[in-house]
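Based on these hints, arrange chain B on the given structure of chain A.
Keeping their order, the protein sequence lines are chains A and B. Counted from 1, the first sequence has number 98 at position 98 by our numbering; the numbering is strictly sequential. Counted from 1, the second sequence has number 166 at position 166 by our numbering; the numbering is strictly sequential.
None of these hints come from the bench; they were simulated from the model. There's no promise every hint is true.
The list makes no distinction among identical chains, and a pair is therefore deemed to hold if it is satisfied within one copy or across any two copies.
[What the hints assert, rightly or not] Restricting the straight-line Cα-Cα distance to at most 25 Å, the calculated cross-link-like pairs of lysine to aspartate or glutamate (DMTMM-like) are: (1) LYS49 to ASP16; (2) LYS220 to GLU162; (3) LYS220 to GLU152; (4) LYS49 to GLU208; (5) LYS70 to GLU164; (6) LYS224 to GLU113; (7) LYS224 to ASP186.
2 protein chains.
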Amino acid sequence: MAGCLHLLPVQLGPADTATTHPPGVLTTLQRLDYFIVERAKTARADLRKLGHPAQLASLVIEELAAQPEKLDQAELDRLLAPILAGKDGGLMSEAGCPAVADPGALVVRRAHELGIQVVPHVGPSSLLLALMASGLNGQSFRFHGYLPIQTEARQRAIAEIEAESARRNQTELFIETPYRNLAMLDALLLHLKDSTRLCIASGLTTTEERITTRSVADWKRTRKQAGQPDLDRQPAIFLLLATTARGDKRR
Amino acid sequence: MAGCLHLLPVQLGPADTATTHPPGVLTTLQRLDYFIVERAKTARADLRKLGHPAQLASLVIEELAAQPEKLDQAELDRLLAPILAGKDGGLMSEAGCPAVADPGALVVRRAHELGIQVVPHVGPSSLLLALMASGLNGQSFRFHGYLPIQTEARQRAIAEIEAESARRNQTELFIETPYRNLAMLDALLLHLKDSTRLCIASGLTTTEERITTRSVADWKRTRKQAGQPDLDRQPAIFLLLATTARGDKRR
Numbered sequence: 001m002a003g004c005l006h007l008l009p010v011q012l013g014p015a016d017t018a019t020t021h022p023p024g025v026l027t028t029l030q031r032l033d034y035f036i037v038e039r040a041k042t043a044r045a046d047l048r049k050l051g052h053p054a055q056l057a058s059l060v061i062e063e064l065a066a067q068p069e070k071l072d073q074a075e076l077d078r079l080l081a082p083i084l085a086g087k088d089g090g091l092m093s094e095a096g097c098p099a100v101a102d103p104g105a106l107v108v109r110r111a112h113e114l115g116i117q118v119v120p121h122v123g124p125s126s127l128l129l130a131l132m133a134s135g136l137n138g139q140s141f142r143f144h145g146y147l148p149i150q151t152e153a154r155q156r157a158i159a160e161i162e163a164e165s166a167r168r169n170q171t172e173l174f175i176e177t178p179y180r181n182l183a184m185l186d187a188l189l190l191h192l193k194d195s196t197r198l199c200i201a202s203g204l205t206t207t208e209e210r211i212t213t214r215s216v217a218d219w220k221r222t223r224k225q226a227g228q229p230d231l232d233r234q235p236a237i238f239l240l241l242a243t244t245a246r247g248d249k250r251r
Numbered sequence: 001m002a003g004c005l006h007l008l009p010v011q012l013g014p015a016d017t018a019t020t021h022p023p024g025v026l027t028t029l030q031r032l033d034y035f036i037v038e039r040a041k042t043a044r045a046d047l048r049k050l051g052h053p054a055q056l057a058s059l060v061i062e063e064l065a066a067q068p069e070k071l072d073q074a075e076l077d078r079l080l081a082p083i084l085a086g087k088d089g090g091l092m093s094e095a096g097c098p099a100v101a102d103p104g105a106l107v108v109r110r111a112h113e114l115g116i117q118v119v120p121h122v123g124p125s126s127l128l129l130a131l132m133a134s135g136l137n138g139q140s141f142r143f144h145g146y147l148p149i150q151t152e153a154r155q156r157a158i159a160e161i162e163a164e165s166a167r168r169n170q171t172e173l174f175i176e177t178p179y180r181n182l183a184m185l186d187a188l189l190l191h192l193k194d195s196t197r198l199c200i201a202s203g204l205t206t207t208e209e210r211i212t213t214r215s216v217a218d219w220k221r222t223r224k225q226a227g228q229p230d231l232d233r234q235p236a237i238f239l240l241l242a243t244t245a246r247g248d249k250r251r
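So here's chain A without its partners, still in its complex pose:
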């Protein structure tokens, strides 16, 4: 009989595991000796932090290919073979929950096709924590991943996202690589309407956690008075909710 594929969240940054992981999830992780991960080096450090008792060299840690979206079926079957043969295994990503805003979904998809039981575990997800804490609409939302980098394509994407948000009263979430956070904020304040609400959540679950929701007008005012927010090199989630045509008296 096949083993289980355990989906194991890892930490988002420096934090006490007592605030990020249920003890039962750590117990599951600590009894596994087969892991499928994004990068073995980070995974070893995470396993250490999450209290894995084994000599790390004794664990089998398989890396997803450099381009996980191009994993072919033979490679997926190779990664899942020990689990299909009866061993329980763990899937982990670089931060947060595997297969959410992160590679790994193809492994889970193939596990379903092979009849392997998939067990998701509770743990930190920056998207979910940010959405919860934003005060924006949590009953209708969309996650985009990264927006385009090129200036005009990005401007177009921002305008489209804002229009869709207004049309559907839908919160729009996206991420940026940390060193481009301030450039993203500049672009957002340049192109969004003053009435749109923008939340930036950074350093979630760490002592640097900062979650700020303001209208674009207030973000501009605050930046004029207090300078750029402290976002550089911090993993951040951006969330916006445009005011609907009916709700926005300024239009």
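Only chain B this time, still in chain A's reference frame:
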């Protein structure tokens, strides 16, 4: 100085808190004596399960109005007044994470406006667990809440969602009230393309947890052979991912 508004996930169903809550989150919950909740009765049962040590009658438990999306500012300010005055408080919903697929977001939004620090905590979210475990695209997804109930409106919604999923390679998530789950499955199998992948996740975190991802063609075949899946009266998440025009050789 104002207190903090702690966003406290509660359980999704019968489960050991050791698998659903980090101990630090329970410690935070257990030291609070002011709670804003959907329904006081459920909240008291949840506080008991999550180990709150106080006589529950000694806690102040404020209910959101019957129509939380219509809370006016005076009512929000009344709910947040003790926190603004310096007391820490907790926000909880009926299941899972407050303000996600659930009311409570207006309380969080007003807390931001009043300068109250908002602290999201790690815990079970059926949406996130389902997305992680579905094997569908976790890098682009959208949550719709409930689809329309009326037959033609529902059919139109399903077709629109499937088309959008194909266009954007985007996972679409929605929920249904438990006693309508099988009717929802019927509608999905009637209107979706055979190649679309459909995941149904029910009983998450409980001993009844069941997460199944199949193509619509396979769902139909399995239903013909094995009858309706065991979904009646189970809280369930529905997720679908249509094949993109390029990826689907059947079109």
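ask   = Which of the listed hints are not met by the structure?
value = Going through the list in order, the structure violates no hint and respects every one.
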